[in-house]
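Let chain A serve as the given structure and place chain D on it in line with the hints.
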Amino acid sequence: MAEERRQKQCSVTLPTESMKAIAESIGVGQLQEESCTALSEEVSYRIKEIAQDALKFMHHGKRRKLTTSDIDNALKLKNVEPLYGFQSQEFIPFRFASGGGRELHFYEEKEVDLSDIINTPLPRVPLDVSLKAHWLSIDGTQPSIPENPPPVPKEQQKVESTEPLKVVKPGQEEDGSIQAKGKDKGLIRLKPRSTHELSVEQQLYYKEITEACVGSCEAKRAEALQSIATDPGLYQMLPRFSTFISEGVRVNVVQNNLALLIYLMRMVKALMDNPTLYLEKYLHELIPAVVTCIVSKQLCLRPDVDNHWALRDFAARLMAQSCKTFSTTTNNIQSRITKTFTKSWLDDKTQWTTRYGCIAGLAELGPDVIKTLILPRLTVEGARIKAVMEGPVISNIDKIGADHVQSLLLKHCASVIAKLRPQPDVVDQYRTDYGYLGPMLCSHVMKARTQAALQAQQVNRTTLTITQPRPTLTVSQSGLSGSTGPRTPSIIKVPSSLALMSQRPGTPSQPSPPATKYIVMATSSGAASTQQVITLSSSQSASPVTTSVHSATSALQPLVKLDSGGSTGLTASRPLQKYIVVSLPPSASSSLEPKSTVIPTPIPSASLDGGLKLERSDSPGVRTQSPH
Amino acid sequence: IRLPVFSSAHAHFICKMAAVQGGLVDAVEEKTIKSEPVADATANNSANDARAPSSSPGSGVSPGVNKPAAGAAEDQQTLLAVLQFLRKNNLSESVEILRREAGLPEDSLDQKGGDSTGTGLGGPEADGRTDAGSLLSRVTVSSSAPSKAVAEDQPDVNVVLSAYSQQGDPALYEVYYSGLKKFIETVLDCHRAELSQVFYPLFVHMYLELVYNNHENKAKAFFEKFSGDQECYYQDDLRVLCSLTKKEHMRGNETLLDFRTSKFVLRISRDSYQLLKRHLQERQNNQIWNIIQEHLYIDIFDGMPRSKGQIDAMSGSLAGEAKREANKAKVYYGLLKEPEIELPLDDEDEEAENEEGKPKKKKPKKDNMGSKSKKQDPNAPSQTRIPLPELKDSDKLDKIMNMKEATKRIRLGPDNLPSICFYSFLNAYQGLTAVDLTDDSSLIAGGFADSTVRVWSVTPKKLRKVKSAADLNMIDKESDDVLERIMDEKTASESKILYGHSGPVYGISFSPDRNYLLSSSEDGTIRLWSLQTFTCLVGYKGHNYPVWDTQFSPHGYYFVSGGHDRVARLWATDHYQPLRMFSGHLADITCTRFHPNSNYVVTGSSDRTIRLWDVLNGNCVRIFTGHKGPIHALAFSPNGKFLASGATDGRVLLWDIGHGLMVGELKGHTDTIYSLRFSRDSEILASGSMDNTVRLWDATKAFDLETDDFTAATGHIHLQDNSQELLLGSYMTKSTPVIHLHFTRRNLLLAAGGYNP
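Those protein sequence lines, which keep their order, are chains A and D. Taking our numbering, I'd label the letters of the first sequence as residues 1 to 628. Taking our numbering, I'd label the letters of the second sequence as residues 1 to 757.
One or more of the hints may lead you astray.
[What the hints assert, rightly or not] Among the chain D residues that face chain A by a calculated CB cut under 8 Å, a handful are:
hint : residue
1    : Tyr-273
2    : Gln-274
3    : Cys-536
[As the list claims (entries may be wrong)] Simulated pairs of lysine-lysine, DSBU-like, Cα-Cα distance not exceeding 35 Å:
hint : chain 1 : residue 1 : chain 2 : residue 2
4    : A       : Lys-132   : D       : Lys-734
5    : A       : Lys-78    : D       : Lys-404
6    : A       : Lys-132   : D       : Lys-490
7    : D       : Lys-323   : A       : Lys-78
8    : A       : Lys-78    : D       : Lys-246
9    : A       : Lys-281   : D       : Lys-734
10   : D       : Lys-88    : A       : Lys-65
11   : D       : Lys-182   : A       : Lys-132
12   : D       : Lys-734   : A       : Lys-65
13   : A       : Lys-65    : D       : Lys-541
14   : D       : Lys-541   : A       : Lys-78
15   : D       : Lys-225   : A       : Lys-78
16   : D       : Lys-247   : A       : Lys-132
17   : A       : Lys-76    : D       : Lys-399
18   : D       : Lys-182   : A       : Lys-48
19   : D       : Lys-247   : A       : Lys-76
20   : A       : Lys-48    : D       : Lys-181
21   : D       : Lys-667   : A       : Lys-132
22   : D       : Lys-220   : A       : Lys-20
23   : A       : Lys-371   : A       : Lys-386
24   : D       : Lys-667   : A       : Lys-48
25   : A       : Lys-132   : D       : Lys-404
26   : A       : Lys-48    : D       : Lys-247
27   : D       : Lys-225   : A       : Lys-48
28   : A       : Lys-76    : D       : Lys-246
29   : A       : Lys-65    : D       : Lys-220
These aren't lab readings, by the way, just hints derived from the structure by calculation. Source: prediction; values computed, not measured. Here a beta-carbon is modelled for each residue, glycine too, at the ideal position from N, C-alpha and C.
Just chain A, same shape as in the assembly (with noise of 0.2 Å):
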């Protein structure tokens, strides 16, 4: 292999058409086809030459990464005049055309409005150099701290749970050592026991963290959690935290308290959300104590006055959310968890509550799941909210309970039909399709298509058009991923960790799956600056992106204009100064497709960096548009 590599080294130089181009550049007309062999020969051997010297450059500069400076120095040590002043924001700073045979490099050079540079506030000053300490190891040990790496990297936590043989200790690395020790002396491997002793700063830090996850004080509870989310030391406490919450569950359920479970639905969020842990070994503690606040039959104290359906939905997304990150061929988890659902959605006494809990947690699961499993069992549940709407008035309780059925039903199978069928929509065949939510269905999937038309007609209203794929600005709330998208449960507020999070900088959306995105940065002109990436089905159903706007209520509530009609009231009561609208044109057909029209779920903000990267390569156009 390193032969072929080295092979190829050998025999690279510079195209002779370059040595042409480069010629024509600086007025040269006619080179020699003889000259241009002999000058592109030269000049790969003195660019080769140049990168060696500037490869020391970057060694003793203690970097991984070659930079514009080695060049320079390296050109230096050639006696060479260095390229002054050549940055690029770029990668590479190049334009390609192609046209009427002619291929063309360029620099892109925009045009500049020199009062919007004027008017934009400089940018901070770059933080000085700084030094700061922290202990890498006590007495041979190394401390679980935030500045450390994590103690037990993922995958090693993997090996642990998966096969506990194999367990090595951390800080030693190579197992092979071990192992090969083990079979020399012809021992017999035991399976170690895995101590779970807690030092007593991870104690105190324990103590700490729960009493502020389910304490009063929403602030304390916001840093606890993004603690819980960020924390790479965690791993040790992992046990704990997972009795806690299914503890907590257990007796929250009982007591009936709604504001408990919801708290303590976020700490498994916030544990999900945390990359350095590997929460498969703890699932079985974890999952039974989500189910229950999907389905319980009682979730708080008042049922008719109390929205703990807004906890299903939370819960259900957190389902949603572990199946997908979770599920294998051995564990089965959405298979199973199905199951569990459809099992109690079909038995005919399950009362309205876990009806509602057990077709969220399907609908979460995805358009197949709802296309299989729901849509043709629309016409029996229709049938059964009609005799609790229109049949004699039992109790107001039923009656919340079903009309909250009818619009879960409405939400999430509107955009599933509006794929699946072809158009027109006519009421009537929806009505013996569907039975007795089939008018109100149907008005739903008029409304999503509509939308999606006036998304079509925004996208063709684009001014500026670029064809190379370049780094796009961004921004999504990342913060609690699970309430970005449209249907931000109201009771949850947004935690204030909110704003800490999305002051890093160009954190991404969601990577392929839909069509059209619209991502739109509002910065108000007060204190916070909040971003939120709205994400919508291509073709129709207007109605989950408008109504999850309003629904979120908190003080950070997003801003969103989607067009002029829509929702000038909202761009008036709050001073925006830009809208960055970037989106991806549909490619084609895929928009009509049935299949991608989904309300994709929302990313989980751990695969935040693999996101941006995707965006950079996929996004084959953006589009900017002015302020309104």
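Here is chain D on its own, set in the frame of chain A:
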């Protein structure tokens, strides 16, 4: 006798100046630098042999008088050559000076040389002047080396290259090479490994011959056919080689000239050599035989052929292994006697701590220490071998502090690992290039790519500078706390920035007394900064190219520097010109370190060798080969016996200085090692690397081996692969390459690096 050194250095300097004026001279200049090594090596050996009986430090002057007569004739030639060159470049003034100087009788010239270098002493410090003066006057033995170098200097690079002009049928090269390959593949196993060593140098020289004779396509084909066979550790060189495809490229290509000017050294057993010789003669394979004769140096030994593992351990450098004679010179690796300092008896705090007659115990301890140091270590150089600055009162105080701290030192070992405190440089934007800590761990300095040097105080004591002259005038000079009063409290801060360099700062070093700071930079200068006034005191110019590293001697006053120009220089702080120039490396000098006894310096280079130089006479006394990549970290054990080195290949090699042998190899790091440090009692070796880890190794165990006479004599080492047993701990940082390590006086490990988010 003085002349050669002076003139060669002079010529060198002139060449450099000329090089600045016209690119044409570049090549010439390259050669003056590069051709020295050959001569250096040969001359060294002969000089060492001659010197063996009279190698006691005091007699340094005498051998020089016994200079062989042949030298004189050569000197004449050299002079003529230099004169010719100067005239050619219209440097008439220099010509005149040189001629005048050459015309003078030798003894007066000697003085003259001393004077002319001495004129630069602006400093009023009389001690320093005599120090450096005496050190200067002692250079005698080494003078023979450069003189020959100049003699062998042909004034045109073409002459060097012309060695390749012998014509053979280019088409036959491949046949020859594959013929040899076939032969070596069929010989007995025990010989095969040894003879395989021939492949690489042969391949390089054959390729170069083809290129030189304009058989471009043949050369390419040859390269493609056989480059894959070469050992993987030569890959970097092959990369350079493959880009070289034209005769024109050969001019001024440093790597190429290295191949040419330094004979590639191979160590082969007599049996294997005979086998090879017989084969080549039978086949009438003169082409290959000529190359072997001309470009290779085969060091033949009697006895068993070496195994592949043994060969691989030692090979990898640019010019093959070190010759056996190169490491035979006596090295005084022992420590200097500690000056006797009366310990003040008012150890009140300690007595308060433990009242139960502890002071009694302590006193005998101190006596022990005293008696230990009184015994003259047979391996230690004499106290006055190198003139060292006298201890000041503050130094004595510091030594006392040091001893006090030493009593509180933690005894480290495999069961008692040190704690590590990590200093992260935040917001450095990948710009942190060098770090150093003072011996007492009170200050930390960082060199940055933006040309600044920053100093932090890591104790609560803030950094204060001396007041301005006007303010100083107002101070009552009679007051007791005048030393306190001269410091400016208003501007006291935790960190200070030193501006002055015009390029990235690659090397940084505190003086042992914490009054000065040295920094070396891409701009070719080394700067001396005062930590009293936080201003630059001196800019040492000598290296015309980036200076990669610099370090203060453990006794202060002297410092060493090395850089891209392949010459390490020894300086004294009060001389603006170097006292010694150590030339011999074939590529950039990447790191420099002083031996704890200040009598030696060690340099690591991109040519993948480590050289140990005698400060007294400038001789290269050890050449260590075995690394497979540029060396970026060096560390002496505190007892001066051992050396550890780390390179881009991620391996740490351990060397026994006295025997000149490799004694261990520590594998584990996955990227360049940038820092190495022994604990204060040599029990633990810490290594820090680009792979974001600090690793701790059991140094006691690593060095705990008996070197038998046979190994010492032949230099054939058997390395055990016991890295895993020696690895005591590995600590990962989040995303911070470890570029500096330091053991405090109490054996707490401090590490530093720039955080790369």
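Verification of the supplied hints:
1. Tyr-273: This hint is violated: Tyr-273(D) lies away from chain A, its Cβ roughly 30 Å from the closest one there, beyond 8 Å.
2. Gln-274: Violated: closest Cβ of chain A sits about 32 Å from Gln-274(D), beyond 8 Å.
3. Cys-536: violated (20 Å)
4. Lys-132(A) / Lys-734(D): Holds, at about 13 Å.
5. Lys-78(A) / Lys-404(D): violated (52 Å)
6. Lys-132(A) / Lys-490(D): holds (24 Å)
7. Lys-323(D) / Lys-78(A): With a Cα-Cα distance of about 33 Å, the restraint between Lys-323(D) and Lys-78(A) holds, given a limit of 35 Å.
8. Lys-78(A) / Lys-246(D): holds (19 Å)
9. Lys-281(A) / Lys-734(D): holds (25 Å)
10. Lys-88(D) / Lys-65(A): violated (45 Å)
11. Lys-182(D) / Lys-132(A): Roughly 61 Å separates the two Cα atoms, so the pair is violated.
12. Lys-734(D) / Lys-65(A): holds (18 Å)
13. Lys-65(A) / Lys-541(D): Holds, at about 30 Å.
14. Lys-541(D) / Lys-78(A): holds (19 Å)
15. Lys-225(D) / Lys-78(A): The given pair, whose Cα atoms are some 32 Å apart, holds under the 35 Å limit.
16. Lys-247(D) / Lys-132(A): Answer violated: Lys-247(D) to Lys-132(A) is near 54 Å, above 35 Å.
17. Lys-76(A) / Lys-399(D): Distance ~45 Å between Lys-76(A) and Lys-399(D) Cα, so the pair is violated.
18. Lys-182(D) / Lys-48(A): Roughly 34 Å separates the two Cα atoms, so the pair holds.
19. Lys-247(D) / Lys-76(A): Status holds; Cα separation ~24 Å.
20. Lys-48(A) / Lys-181(D): holds (31 Å)
21. Lys-667(D) / Lys-132(A): Cα-Cα ~30 Å, so holds.
22. Lys-220(D) / Lys-20(A): holds (25 Å)
23. Lys-371(A) / Lys-386(A): holds (22 Å)
24. Lys-667(D) / Lys-48(A): Holds, because 31 Å separates the two Cα atoms, which is no more than 35 Å.
25. Lys-132(A) / Lys-404(D): Given that 35 Å is the threshold and the Cα spacing comes to 28 Å, the pair holds.
26. Lys-48(A) / Lys-247(D): holds (16 Å)
27. Lys-225(D) / Lys-48(A): Holds. Lys-225(D) to Lys-48(A) sits at ~22 Å (cutoff 35 Å).
28. Lys-76(A) / Lys-246(D): holds (24 Å)
29. Lys-65(A) / Lys-220(D): Holds, at roughly 31 Å.
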